[in-house]
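**Student:** Sequence:
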Amino acid sequence: MTFYEELEWRGLIKDVAGEDIADKLNNEKVTFYWGTDPTADSLHLGHYSSLVTAKRFAKYGHHPILLVGGSTGLIGDPRPTAEREIMAKERLDKNMAGIKAQVDRIFNGQAEIVNNYDWTKDYTFLEFLRDIGKYINVSYMLGKDIIARRLETGITYAEFSYTLLQGYDFLHLFRTKNCILQCEGADQWGNITTGLELIKKIEGKEAYGFTMPLVLDKYGNKFGKSAGNALWLDINKTSSYELYQYLINVDDSMVTSYLKIFTFLTPEEIMELDAKNKEHPELREAHKALAHEIIKDLHGEAEYEKAVQISQALFSGNIKGLSLKDVEIGLKDVPTVMIDEGTTIMDAMVANKIVSSKREGREFLTAGSITVNGDKVQDENFALTKAVALEETLIVLRRGKKKNYIIKFN
324 MTFYEELEWR GLIKDVAGED IADKLNNEKV TFYWGTDPTA DSLHLGHYSS
374 LVTAKRFAKY GHHPILLVGG STGLIGDPRP TAEREIMAKE RLDKNMAGIK
424 AQVDRIFNGQ AEIVNNYDWT KDYTFLEFLR DIGKYINVSY MLGKDIIARR
474 LETGITYAEF SYTLLQGYDF LHLFRTKNCI LQCEGADQWG NITTGLELIK
524 KIEGKEAYGF TMPLVLDKYG NKFGKSAGNA LWLDINKTSS YELYQYLINV
574 DDSMVTSYLK IFTFLTPEEI MELDAKNKEH PELREAHKAL AHEIIKDLHG
624 EAEYEKAVQI SQALFSGNIK GLSLKDVEIG LKDVPTVMID EGTTIMDAMV
674 ANKIVSSKRE GREFLTAGSI TVNGDKVQDE NFALTKAVAL EETLIVLRRG
724 KKKNYIIKFN
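Okay, so the sequence shown: first residue is 324 according to our numbering, each after it adds one.
Here are the in silico distance ranges between beta carbons for each label pair: (1) 701 - 545: 46 to 52 angstroms; (2) 589 - 423: 30 to 36 angstroms; (3) 353 - 471: 30 to 36 angstroms; (4) 328 - 656: 41 to 47 angstroms; (5) 714 - 543: 40 to 46 angstroms; (6) 328 - 471: 33 to 39 angstroms; (7) 383 - 524: 28 to 34 angstroms; (8) 337 - 433: 24 to 30 angstroms; (9) 452 - 587: 42 to 48 angstroms; (10) 476 - 524: 27 to 33 angstroms; (11) 331 - 510: 16 to 22 angstroms; (12) 560 - 500: 28 to 34 angstroms; (13) 381 - 540: 23 to 29 angstroms; (14) 656 - 536: 28 to 34 angstroms.
Because the hints were derived from the structure by calculation, they are not lab data. Being a predicted model, the structure only gives us computed values, none of them experimental. Glycine residues also receive a C-beta, built at the ideal position from the N, C-alpha and C atoms.
Modelling step: build the complete structure from the supplied sequences, incorporating the hints.
**Tutor:** Next up, the structure:
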């Protein structure tokens with residue numbers, strides 16, 4: 324299987340420009356770039372699919388340039404529905420620093436990271452119009468999918484011009500770094516082709532474009548969205564445990580395609596996991612492999628092991644081996660109730676509707692269905708004090724097998 328054939332097998336190719344692109348990627352070592360605008364101080368799991376593909380190119384011997392859009396981020400790529408909020412320069416700089424650090428870590432310091440502000444900040448408006456704007460016809464720009472969709476609701480001149488800025492990035496990198504290929508998600512195809520057009524008209528040469536399908540879940544939602552929130556690559560925004568929980572619970576029908584896209588496991592290893600997933604889906608072996616590969620690449624092996632430990636401890640209810648921070652990470656979405664120190668377990672449960680009545684509370688206690696930090700409690704007068712709390716701070720009260728509550732003291 325050639326490199327290009329493997330890209331096809333993994334489902335990583337949507338659109339390409341350049342008839343001999345397969346030959347180039349299989350038999351030459353090319354310089355390529357992938358770019359993103361710093362709309363937040365961290366990339367998310369959706370971006371990671373593109374970064375993994377770029378890393379795959381690099382492992383094959385191609386040279387990656389990762390562009391962070393210090394200038395394009397000031398304008399904002401047109402969205403299908405509404406104009407992006409204009410971002411303050413200070414916030415943009417903070418976001419750029421966070422993204423650069425993430426990219427550098429993912430590529431082990433081997434990627435060349437550039438900022439398009441460096442070659443646009445001194446370019447005057449008149450010069451840009453004369454040098455770049457004269458080569459791109461307005462009717463050509465109106466044919467771009469995103470621009471066409473925004474015409475009915477309105478699009479500002481700034482957003483309309485975005486494709487020229489990104490096209491110029493490609494031209495600049497082509498000229499200065501012999502970058503002949505741009506790789507992006509499928510939604511960037513229109514901007515890639517603008518760059519190809521500029522290179523052809525101004526330099527009289529051919530370049531190449533490559534897009535990857537957007538990664539979606541079973542229901543057509545963007546991969547990496549959990550309860551309406553992005554799963555961030557920054558461990559301080561999304562913990563390894565949260566990543567683990569998301570990945571271990573992806574739909575069975577999607578896990579093999581995710582293994583192809585997000586991991587460096589061989590086709591043979593992936594197909595073996597696919598067979599196991601079909602034969603024994605309850606074992607979640609493919610899901611565990613997916614979580615292991617992604618978390619290991621982003622945060623290291625120790626973080627994966629820690630995520631597994633937290634998950635197993637919370638599932639069993641035996642949390643004594645966990646730190647206070649681990650418990651707070653694992654149970655950050657469960658209800659928190661406040662009590663006075665010394666309140667009995669019965670009074671705490673009734674007052675906070677953990678049970679509907681004292682009678683129901685006694686039934687749970689007698690059946691051994693109530694635990695405090697993993698230990699069964701059957702005495703309704705058991706006092707909840709700092710002495711029984713984790714690090715004298717919080718208590719995890721569990722009712723049954725799945726209902727958890729965090730108890731803290733007033």
